[in-house]
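Participant: Single-letter residue listing:
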Amino acid sequence: DQQVKQNSPSLSVQEGRISILNCDYTNSMFDYFLWYKKYPAEGPTFLISISSIKDKNEDGRFTVFLNKSAKHLSLHIVPSQPGDSAVYFCAARDSGTYKYIFGTGTRLKVLA
Amino acid sequence: KAGVTQTPRYLIKTRGQQVTLSCSPISGHRSVSWYQQTPGQGLQFLFEYFSETQRNKGNFPGRFSGRQFSNSRSEMNVSTLELGDSALYLCASSLVTGYEQYFGPGTRLTVT
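Going down the list, the sequences are from chains S and P. Residue numbering for the first sequence follows our numbering, beginning at 182 and increasing consecutively. Residue numbering for the second sequence follows our numbering, beginning at 59 and increasing consecutively.
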């Protein structure tokens with residue numbers, strides 16, 4: 182039972198263009214959402230988060246959008262840079278247990 | 059501030075053996091969570107400790123156990139290792155339960 186799904190295992194984007202990574206969830210008890218970036222041989226690094234009471238949060242080149250009615254989350258990276266090439270995980274927090282549930286990740290490749 | 063540290067970084071064990079992994083959280087962080095990452099499965103939650111007490115538990119067999127010490131350092135133990143336990147084990151710390159988690163580099167366990 183995958184409560185957090187990242188349906189695209191991989192994504193390739195040209196440098197300078199927009200990267201859009203998507204995440205769907207099923208549990209309406211999730212109240213906080215995060216995106217992490219992971220390079221090989223390193224642990225995931227926290228990127229950006231959004232509370233369920235908001236629909237958008239921006240931090241520099243990174244913007245996260247939340248559509249609660251569709252139970253959909255997306256991360257926009259503009260402009261994309263080769264250094265953004267990594268695996269991106271979305272995670273959702275259960276408001277009852279405070280447990281984080283992670284998606285399976287999307288591998289982003291930004292082509293120079 | 060030093061990040062989350064995990065030891066050892068790499069480990070090779072034989073089926074049937076047991077293993078103990080260690081995690082030192084960021085100074086001041088009292089919550090430590092453990093995750094298993096395998097290809098295609100994302101990060102699977104094992105358990106979370108806060109103030110030496112297990113707060114949350116994932117869906118793993120009893121062979122997987124953990125503990126937390128008074129200085130917030132945590133250990134994870136896996137007994138009677140199986141080939142399927144080969145994975146990257148990640149530790150994450152946060153100030154308290156439910157806050158953003160910061161990950162260590164992981165311990166790569168290979169069971170032969």
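Quick caveat, the hints were computed from the structure, so don't treat them as lab data. Be careful, since some hints might not be right.
Okay, the calculated bits of chain P under chain S, using three or more residues with CB under 8 angstroms as the criterion [claimed, not checked]:
(1) 74 to 82
(2) 128 to 140
Computed beta-carbon distance windows for the label pairs [what the hints assert, rightly or not]:
(3) P:T65 to S:G197: 37 to 45 angstroms
(4) P:R88 to S:S276: 15 to 23 angstroms
(5) P:R88 to S:G277: 40 to 48 angstroms
(6) S:P221 to P:L141: 18 to 26 angstroms
(7) P:N129 to S:K249: 37 to 45 angstroms
(8) S:S189 to P:G142: 33 to 41 angstroms
(9) P:V154 to S:G241: 36 to 44 angstroms
Treat the numbers as computed from the prediction; the structure is a model and nothing was measured. Note that beta-carbon positions come from the ideal geometry of N, C-alpha and C, so glycine has one too.
Participant: Of the hints stated earlier, which fail here?
Facilitator: 1, 2, 5, 8, 9
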